[in-house]
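K.L.:
Whole structure, please, built from the sequences with the hints as guidance.
Residue numbers (the numbering used here): 2 to 87.
It should be emphasised that the hints constitute simulated quantities derived from the structure, not laboratory data.
Heads up, a few of these hints could be off.
[To be verified] Ranges between beta-carbon positions, derived for each pair:
1. 82 with 39: 29 to 35 Å
2. 77 with 34: 18 to 24 Å
3. 50 with 27: 20 to 26 Å
4. 65 with 43: 18 to 24 Å
5. 31 with 62: 35 to 41 Å
6. 69 with 23: 30 to 36 Å
[Claimed, not checked] Pairs of lysine-lysine residues, derived as DSSO-like cross-links and limited to a Cα-Cα distance of at most 30 Å, are as follows:
7. 81 with 34
8. 39 with 81
9. 20 with 39
Glycine included, each C-beta is placed from N, C-alpha and C at the ideal position.
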Amino acid sequence: MYLSMGLAGEAGEVIEKVKHIVRDQKSVITEEKRELLKKEIGDVLWYSSQLARAFDLSFEEIAQLNIAKLSDRAKRGVIKSEGDTR
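P.N.:
Have a look at this one:
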């Protein structure tokens with residue numbers, strides 16, 4: 002549960018950084034903001050990897066499965082649809 006909350010918190014920090022870039026900088030990202038965003042995305046990746054590890058899941062396999070899933074959706078023209086089983 003702790004890892005899930007950590008992941009959600011870090012994802013929220015990424016969203017906040019992007020919100021400020023869009024709102025305050027009209028979507029123009031400075032090098033300083035880019036570096037801050039990299040750090041926050043790194044935190045999201047860390048929590049994601051630890052969550053996978055806690056459930057004995059391969060982070061690499063998860064990434065490969067996701068790429069295959071998105072590729073399949075793109076081929077079928079449903080990449081922009083809604084739902085888990087498109």
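K.L.:
Which of the stated hints cannot be reconciled with the structure, identified by number in ascending sequence?
P.N.:
2 and 3
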